Every structure is written in structure tokens, then in C-alpha cells.
Amino acid sequence: MMSKSTFVYVTYIRSTPDKVFKALTDPEITRQYWGHNNVSDWKPGSSWEHRRTSNGNVDIVGQVVEAKAPSRLVITWASPDSPDSRSRVTFDIESAAEMVKLTVTHDDLEAGSGMDKGIRHGWPLVLSSLKSLLETGKPIDIMAVKKT
Amino acid sequence: MVRVDPARLTRKPRNQGPLPNRAGFLFSARHLTCRYLLAYSGGLDTDKVFKALGDPSRRKLLDVLYKEDGQTLGELCEHLEMTRQAVTQHLGLLEEANLVSTQWRGREKLHFLNPVPLYEIYERWIAKFERPRLKALRDLKKRLEKE
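Quick mapping for you: the protein sequence lines, in order, are chains A and B. Numbering of the first sequence is given in our numbering, commencing with residue 159 and proceeding in unit increments. Numbering of the second sequence is given in our numbering, commencing with residue 477 and proceeding in unit increments.
Every clue listed holds true.
Cβ pair distances, simulated, as ranges:
#1 229/A <-> 617/B: 46 to 52 Å
#2 532/B <-> 211/A: 40 to 46 Å
#3 622/B <-> 252/A: 53 to 59 Å
#4 542/B <-> 199/A: 33 to 39 Å
These aren't lab readings, by the way, just hints derived from the structure by calculation. Everything numeric in this text was worked out from a predicted model, so none of it was measured. Ideal Cβ placement from N, Cα and C applies to all residues, glycine included.
In isolation and in its complexed conformation, chain B is listed as follows (with noise of 0.2 Å):
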């Protein structure tokens, strides 16, 4: 934890040289902002795939993707009664979710279709509760065809 002096925030430092400090204060803010960033879209918050699952405008987005995946923006939105802003709105929660990743082809910022993080929640949320039953379902048939 880095803990930040708000002292140091307001204070005007005249007599030491401003430069290097400031440099040093710059340098740590954005050292903090890239590491949230990269926790944030680092998929180590599951909230933020539901979040981002949580809409039906991005799930529509999803299923667009899933149709054709490597869409640019331009395409997207001809897909969506939407603004492009929305769309961009919503294509930037579906890449912190990682759902969405891009590629540059040339100019163009093409979105693709990530479903590893769906996948996760699948075998966190999903297989672990099937698992049980689908194992009863076996043993009920095995028994049934040994009768």
C-alpha cells in the first residue's frame, strides 16, 4: 500500500527544486493509475464481467461479435440503434471486462470476441453445481440399465 502524503499534494515546495520532486510525485501517480488500471482489467474482479454482462445493449454487442468477429467501431454501430458514443461507451466496459479485445490493422481498431472470462465464471458458477447432478443422472441410468 502507498500511501500518499496529502501534505505533499498542496504544498508548494520554493526552496527545494520543484522539478525533480514533481517528476518523482508524476512519475508514482501514473505508476498507481497503470497498476489499478491493470487490476481493473486484469479480470481479477468478477464484478465487472457481470457488470458488463448486465446490459442488454452489450450483450446485443457480444452477439454481434459472436456473429462476426473483428468488427470496427464503424461496423458495430451499423448493428445498434445507438450513437456511436454509446457504442463506444459500451465497447470500452466490455474491454475492461476483457470480454472484448482489439487489434490495430493498419488504421483500423478491430474488436474481437473474448469469451475466457465467460468461461471462468462458467466452471466457477456453472459446472460446479452441474457436476453433482449430472453424476446422479449417470448413476440413476446405470442403474436403471442394470436392472
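Isolated chain A, as found in the complex (with noise of 0.2 Å):
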């Protein structure tokens, strides 16, 4: 059997739940900080896509398997290029005082692949652009980092 890896990766940022929800969903949004726009209904079983703002490529493709705004979302992530190789990606979202504890659970992933290696670099980068933007309004150029 293939060995799966997980990531769990913790962010806190000082927002409101509904906002770090809106955030990650809203294709307007994403695309500032992600440079990509996230499109989809956001409803369980429809599909969704990440596409590269920059030209339309869609990067990464999928399924919503859960969506309980705003505190929930569980999506299914994959190369368009073989979507059968399928991980998964979890948000939770909880409010903290004033801040909101985003915790992003990327499992089911196959050990030593590509999606492995490229993950563990993007979702560091992800999140300090998104607490950076939700927090200042002002992102990090993420895909400048990703050229250097």
C-alpha cells in the first residue's frame, strides 16, 4: 500500500469566522492573496477549481465534500492532469477571542509525490499572505515568492 502523508498547518488571525470563510471561497478574494481565483457553488458534491488569475490555467480541481460556513469546509485536491489521484483538504474555523484559529488538515496525500513537495512550500506561503491581507490589507506577492 502507498504511505500517505498529512500536514497540519495552524494559522491565527485577527479576523471574524465569516470573514476567513468568505476568504477562502470568494474567488475575488483568493485571487489577492493566492493568486488564483477559487470558483465554485461551495455546495456538497459540486466541483470546484483553483485557476491561475495570472491566465486562466486551472492548477488544482475538485470536489466540496462538506460545507458548513463559517466554520467547515472540506474539499477533495487534485492535479487536473490526474484527478484520480485525489488528497483532501480540511479547513476548520473557530473563533478565538478576537482572533480566528484557520487550521488547514491536508491528508490522504501520496507519500513522496509531486502534490507532496509542492504543498508543503504553497500552504506556509498561503497562509501568511491571507493572515497578511485579512489583518493589514495588504498581501504577499505569492507569486513572485514562488518564481524566486
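Two independent chains are provided; combine them into the complex using the hints.
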């Protein structure tokens, strides 16, 4: 059996659960801090796409497994080149005094795969950029960081 | 800012119903503690991250998790020549700094490396100072290539 890896990323954001949930599902917001538009109607069973803002390329595809605004979103995650090699991403949003604790669990990843390596680099960057956007109004230019 | 009158802590109200008072005090004290803990673990305090990193055993723990993420306390202890108690304490500090996240799988508590605060430090303390130098190098390259 292929071994699977799991990653758990946590960030605390000075914001509200509603704003954080919206920031994950509104393509107009995701493009600002992620360089990609997350497109879906976010209903369980629907598909979603992670479209690169600069050229419209679809980099990630998947399905919405669970959507409970504003506390939980579960989606599958795959490259459009190999849609059967699916992993899973769970966003848990908890309110914590004036902060929001956002936990991103990425599991069911094929250990050692390109996706496994890519997301290790990607999530810390994306989450820092999201935090920066929601707290200061300024995201990190993550497409520029990715190139270097 | 919530101030607790010191007299309230020592005075024992006998005439008034002590129970609601006490319950009120307990609630507000707990509330304060919770908020403090949240701010503490909330990555608001970069000092916590630097302090957590300022110890070779804790850096080793992060390296061990980098190699294999999602380990139990018992598994982590196998890699380190430390008592279980010491490892627990180091993990506690790493968790407070949000460098380690945890998840329960049945009865097992798994520990994961959380590099998000490291990335924030990178952005704040490294990228900021590196960018002008990278730009200077790029400009130099362009100039040389034109010649």
C-alpha cells in the first residue's frame, strides 16, 4: 500500500470566522492573496477549480465534500492531469476571542509525490499571505515569491 | 483592561449570597486566563517563536518532525536522549509558539510541524532585507548582458 502523508497547518488571524470563510471561497478575495481564483458554488457534491488569475490555467480541481459556513469546509484536491490521485483539504475555522484559529489539514497525500512536496512549500506561504491580507489589507505577492 | 479590586479577593462576603459572587469572579478570572492563553499561542508575540527556536533540543524536535510529520510523544522520545517529561515540556513551548500543531487520532495525540510562523518571520526579517540585494544582482546581470 502506498503510504499517505498528512500535514496540519495553523494560523491565528485577527478577523472573524465569516471573513475567513469568505476569504477561502470568494474568487475575488482568493486571487488577491493566492494568485488563484477558487471557483465553485461551494455546495457538497459540486466541483471546484483553482484557476490561476494571470492566465486562467486550472491548476487544481476537486469536489466539495462538506461546507458549513463559517466553521468548516472540506474539499478534495487533485491535479487536473491526474484527477484520480486525490488528496483532501479540511479548513476548520474557530473563533478565539478577537482572533480566528484557522486549521488547514491536508491528508490522503501520496507520500513523496510532487503534490506532497509542492503543498509543503505552498501552504505556509498562502496562509501567511491570507493573514497579511485580512489583518493589514496587504497580501504577500506570492506568485513573485514562488518564482524566486 | 479589566481591573480586579484586590479587596474583592480577600474579603469574604458573608451577608451577601456568596455563591453568585464567587461564580461571577471565577467566570471572569477564567475568561481572563483564556484570553491570555489565546494571545499567548496566537503568534501575536514573535518573542515566543524566537524563544522556542533558541534551544537545540527544540530545534532537533522540529527536525525530527520535518523528517516524519504526525508523531506521538512516544515516537518522538525514541529520537531524543531526553526524559519523556523534558520532551513534553519542549513540545509545550513549541505548541505555545504555534510551531507545533496537534491532532487526536482516537486515543493518540499526533504532533505536526507548523511552519507558518517561520514563514512570517522569513517575510518580516529575511525577505525584506534580501529583496534590495536580489534586485541589485538582477540589475547588474542585465547591465553586463547588454555590454
